[in-house]
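Engineer: Sequence:
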Amino acid sequence: MSRRLLRQSAFKIIFSFHFNDDDIEEIFKEISEEPNIFLIQEEDEHIPFNELNEKEKKFFYDLVKGTLENVEKIDDMIKSNLKSWTMDRIAKVDLTILRMAIYELLYSEDVPYSVAINEAIELGKVFGTDDSGSFINGVLGKVQREIDKSGE
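With my numbering, the residue at position 44 of the sequence shown is 44, and numbering never jumps.
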């Protein structure tokens, strides 16, 4: 299973979480126990979540939970790296992708910055608008420079 597909599924969970405000632990329990929940889709192939290996489940769980638990710090980083934008002007799709990518930049030691940024751009192309990829790239480039300067 590719991490790209896991990121796409994590995006869907995080994005919906902001509208439904569900209990994330209940969501994880439900998707782990219900054999008919298909989070991962590749073309016409549906892969049940409970068929993922432990490493894939951990990556998915850490990305979703870590993004949601660190959203305040992540949002502060986004705000400080916006030029002529405010948080409420950012499309919810782009905001969700930025949050996930910044989580990976800050907390995922096994994901190189270039991979996290590229994956975020690709998510923007799939789920966002024609301008999402370049917007996401610009913000994440500034965030990466900020992280490099501060040594986080």
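Just so you know, these hints were derived from the structure itself, not from any lab. As the structure is a computational prediction, the values presented were derived from the model and not from experiment. Any given hint might turn out to be false.
[Stated by the list, open to error] Quick list of in silico lysine to aspartate or glutamate cross-link-like pairs, EDC-like style, CA-CA up to 16 Å:
(1) Lys73 / Glu122
(2) Lys55 / Asp131
(3) Lys57 / Asp88
(4) Lys12 / Asp76
(5) Lys12 / Glu119
(6) Lys29 / Glu54
(7) Lys73 / Asp130
(8) Lys65 / Asp130
(9) Lys65 / Glu30
(10) Lys29 / Asp75
(11) Lys65 / Glu122
(12) Lys79 / Glu146
(13) Lys92 / Glu54
(14) Lys57 / Glu30
(15) Lys12 / Glu146
(16) Lys92 / Glu51
(17) Lys58 / Asp131
(18) Lys142 / Asp76
(19) Lys58 / Asp130
(20) Lys29 / Glu51
(21) Lys55 / Asp110
(22) Lys83 / Glu25
(23) Lys92 / Asp75
(24) Lys58 / Glu25
Engineer: Each hint: holds or not?
Structural biologist: Here is how each hint holds up against the structure:
no., hint, in the structure
1, Lys73 / Glu122, "24 Å, violated"
2, Lys55 / Asp131, "33 Å, violated"
3, Lys57 / Asp88, "32 Å, violated"
4, Lys12 / Asp76, "22 Å, violated"
5, Lys12 / Glu119, "15 Å, holds"
6, Lys29 / Glu54, "15 Å, holds"
7, Lys73 / Asp130, "28 Å, violated"
8, Lys65 / Asp130, "28 Å, violated"
9, Lys65 / Glu30, "15 Å, holds"
10, Lys29 / Asp75, "27 Å, violated"
11, Lys65 / Glu122, "21 Å, violated"
12, Lys79 / Glu146, "12 Å, holds"
13, Lys92 / Glu54, "30 Å, violated"
14, Lys57 / Glu30, "14 Å, holds"
15, Lys12 / Glu146, "28 Å, violated"
16, Lys92 / Glu51, "30 Å, violated"
17, Lys58 / Asp131, "32 Å, violated"
18, Lys142 / Asp76, "13 Å, holds"
19, Lys58 / Asp130, "32 Å, violated"
20, Lys29 / Glu51, "14 Å, holds"
21, Lys55 / Asp110, "12 Å, holds"
22, Lys83 / Glu25, "36 Å, violated"
23, Lys92 / Asp75, "13 Å, holds"
24, Lys58 / Glu25, "14 Å, holds"
Comparing the model with each earlier hint shows violations of hints 1, 2, 3, 4, 7, 8, 10, 11, 13, 15, 16, 17, 19, 22; every other hint is respected.
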